[in-house]
Amino acid sequence: MQRLPSGSVHLVFADPPFNIGYDYDTYDDRLEESRYLEWSSRWMSEVHRVLVSTGTFWLAIGDEYAAELKIEAKKLGFVCRSWVIWYYTFGVNCKYKFTRSHAHLFHFVKDGGAFTFNHDQIRVPSARQLVYGDRRANGAGRLPDDTWILRPQDCPESFTA
Numbered sequence: 039m040q041r042l043p044s045g046s047v048h049l050v051f052a053d054p055p056f057n058i059g060y061d062y063d064t065y066d067d068r069l070e071e072s073r074y075l076e077w078s079s080r081w082m083s084e085v086h087r088v089l090v091s092t093g094t095f096w097l098a099i100g101d102e103y104a105a106e107l108k109i110e111a112k113k114l115g116f117v118c119r120s121w122v123i124w125y126y127t128f129g130v131n132c133k134y135k136f137t138r139s140h141a142h143l144f145h146f147v148k149d150g151g152a153f154t155f156n157h158d159q160i161r162v163p164s165a166r167q168l169v170y171g172d173r174r175a176n177g178a179g180r181l182p183d184d185t186w187i188l189r190p191q192d193c194p195e196s197f198t199a
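Counting along the sequence shown from 1, when you hit position 3 you're at 41 in my numbering, and nothing is skipped either side.
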């Protein structure tokens, strides 16, 4: 990222290591909390630098550091537009606690007053329209909820490796 010019990227989606002890080939996923947060701050600072002023940054992260990374992103100048819960049906089996079946998706923008959000392209029918036939509902539909469900069996074939 350091080689990219400042203000040259419109969208960044990051799914970094969660620092939960996963065995990666080249990355130590067992850092002390302070080192993990410093590392995260460095790469998020680069994301902020390379984004255009109307740019968008999505961050996928687990429970352990979601709040800390949201605060760090704010310190770096990001504005959080949405905090989405991504619910998935393929969580890791647990023995002594409930099975985790979600990740956090933060939708950050660089400028809270000038950003790209194509709301009309993502509208969905509302219950007011479908169930109740309520004429007060926006005929174009409503924006999706901030809980997204991903079932692998529903993914398009092009998403599979």
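Mixed in with the good hints, there may be bad ones.
Claimed, not checked - Taking CB as the label site, the calculated pair distances span:
no., residue 1, residue 2, range
1, Ser46, Asp183, 31 to 39 Å
2, Ala175, Tyr134, 44 to 52 Å
3, Phe136, Pro182, 21 to 29 Å
4, Val162, Gln40, 14 to 22 Å
5, Arg180, Gly150, 16 to 24 Å
6, Asp61, Tyr170, 48 to 56 Å
7, Glu76, Ala178, 40 to 48 Å
8, Gly171, Arg41, 17 to 25 Å
9, Phe155, Trp124, 14 to 22 Å
10, Asp66, Tyr170, 15 to 23 Å
11, Arg173, Trp77, 47 to 55 Å
12, Ser44, Asp172, 23 to 31 Å
13, Thr64, Asp172, 38 to 46 Å
14, Arg73, Ala165, 31 to 39 Å
Calculated directly from the structure, the hints in this document are not laboratory data. For each residue, glycine too, the CB sits at the ideal point set by N, CA and C.
#### Entry: Numbered hints the structure breaks, given as an ascending list
Going through the list in order, the structure violates hints 4, 8, 10, 12, 13, 14 and respects the others.
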